[in-house]
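Respectively, the protein sequence lines represent chains A and B. Residue numbers for the first sequence follow this note's numbering, beginning at 9 and rising by one. Residue numbers for the second sequence follow this note's numbering, beginning at 2 and rising by one.
In short, the hints are calculated from the structure, not lab data. Keep in mind it's a predicted model, so treat the numbers as computed, not measured. A few of these clues could be false.
Ranges of calculated distance between the beta carbons of each label pair, as one might list FRET restraints [claimed, not checked]:
1. Leu53/A with Pro63/B: 40 to 50 Å
2. Ser159/A with Asp155/B: 52 to 62 Å
3. Ser87/A with Gln159/B: 28 to 38 Å
4. Arg71/B with Asp128/A: 44 to 54 Å
5. Val60/B with Cys16/A: 23 to 33 Å
6. Lys106/B with His28/A: 52 to 62 Å
7. Ser87/A with Thr163/B: 35 to 45 Å
8. Ser87/A with Ile133/B: 23 to 33 Å
Facing chain A, a subset of chain B residues (Cβ under 7 Å, in silico) [as the list claims (entries may be wrong)]:
9. Pro41
10. Leu44
11. Ile45
12. Arg48
13. Glu53
14. Val60
15. Phe65
16. Cys80
17. Ala108
18. Glu110
19. Trp132
20. Asp155
Just so you know, even glycine gets a beta-carbon here, dropped at the ideal spot from N, CA and C.
Letter by letter, the chains look like this.
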Amino acid sequence: MPNRTPNCDPARAMEDVRGHSLEMLPCEFAKLVCLSSTRDYNTGLYIHEGMSWRYTDEVIDTALRTLHNEVFDVLVVASLETFVQDLDTFFGLTIAGQTTAVEVWKNLEPYRAAIPAHSDSLSRELFFSNVRTALAILENRQRRCSQDQQSSSQRP
Amino acid sequence: MIGILTTVLALLFLAVLLAWALGFSTNRKSASWSGSIKLPSRLIRERISSREDFQFVGVEAPEFRSQFLRDRKILMLICLQQMRAVAIESFRIHRTAVSLQVSMKPAVELRLAGDYLTFLLLWELARSLVWISNPVAAQSLTARVYTAAEELSDAAKQLIATNHSLRTEI
């Protein structure tokens with residue numbers, strides 16, 4: 009059996025994640041959710057089974073944590089229009105469909121678990137406020153869309 | 002008209018004095034330079050007071066506009082508090098430097114005191130405007146407050162960098 013020495017370079021690990029996982033995701037929200045899902049709820053450490061044969065646990069944790077922070081920083085300063093568009097794209101990827109996703113996100117607020125643990129309070133609150141606003145906008149668009157469909161079906 | 006103007010100016014002066022006094026009392030409580038008090042990011046501040054976002058909400062979800070402005074108002078008030086904390090901490094470093102008799106030119110001291118007073122005055126005005134109106138209306142004023150806080154913070158950092166005795170004291 010070949011003896012593999014784990015790589016200790018976080019930059020290399022980050023490039024790996026960017027190239028193999030993140031690049032395939034069409035929006036920042038998908039990247040944020042993907043990266044936050046690699047974080048252990050109890051320890052706060054980032055774990056990736058697929059990378060563990062190439063990198064040490066510390067390197068994986070550092071790489072995923074840094075990437076998570078990077079994606080969050082991009083999203084939090086994005087214009088609201090871009091933010092809404094991004095969230096819309098993300099909901100488009102879900103099996104549940106946009107209407108259900110908006111409803112669930114409003115009620116359960118899963119986005120609160122998607123942010124990096126050590127983000128500052130101002131960025132965090134701005135992000136939450138932007139998500140709430142984006143959900144209201146998407147809901148409004150859905151309402152308008154269904155009203156348009158109703159009125160067009162009632163026309164003779 | 003002159004009477005109202007005099008009253009407004011007197012109130013502003015009192016507010017500045019009060020804020021300064023409060024600043025000093027807060028300084029006494031803070032034991033040491035933690036280095037953790039950082040200015041919020043400029044991009045975050047700009048995003049909070051963005052007119053573009055406000056107009057976008059107005060077009061897309063007009064009924065949500067007041068909630069949006071309420072959120073942004075709270076965020077800007079937090080942002081302003083963070084700027085004030087940085088300015089107070091920077092001025093505390095300046096006072097520590099003076100008490101340690103770190104050689105400072107009188108012109109520099111005077112400029113720093115002037116900058117601090119200007120900051121407090123601008124800060125009070127910005128906070129009042131955000132409170133009465135909204136962060137979008139106070140956009141240019143909050144930008145000036147940010148620049149003033151940044152200047153104070155830079156001056157403090159420079160003081161720390163050039164004085165070893167000050168570094169050990171704080």
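**Request:** Would you pick out the hints that fail for this structure and give their numbers low to high?
**Result:** Of the numbered hints, 4, 5, 14, 17, 18, 19 and 20 do not hold.
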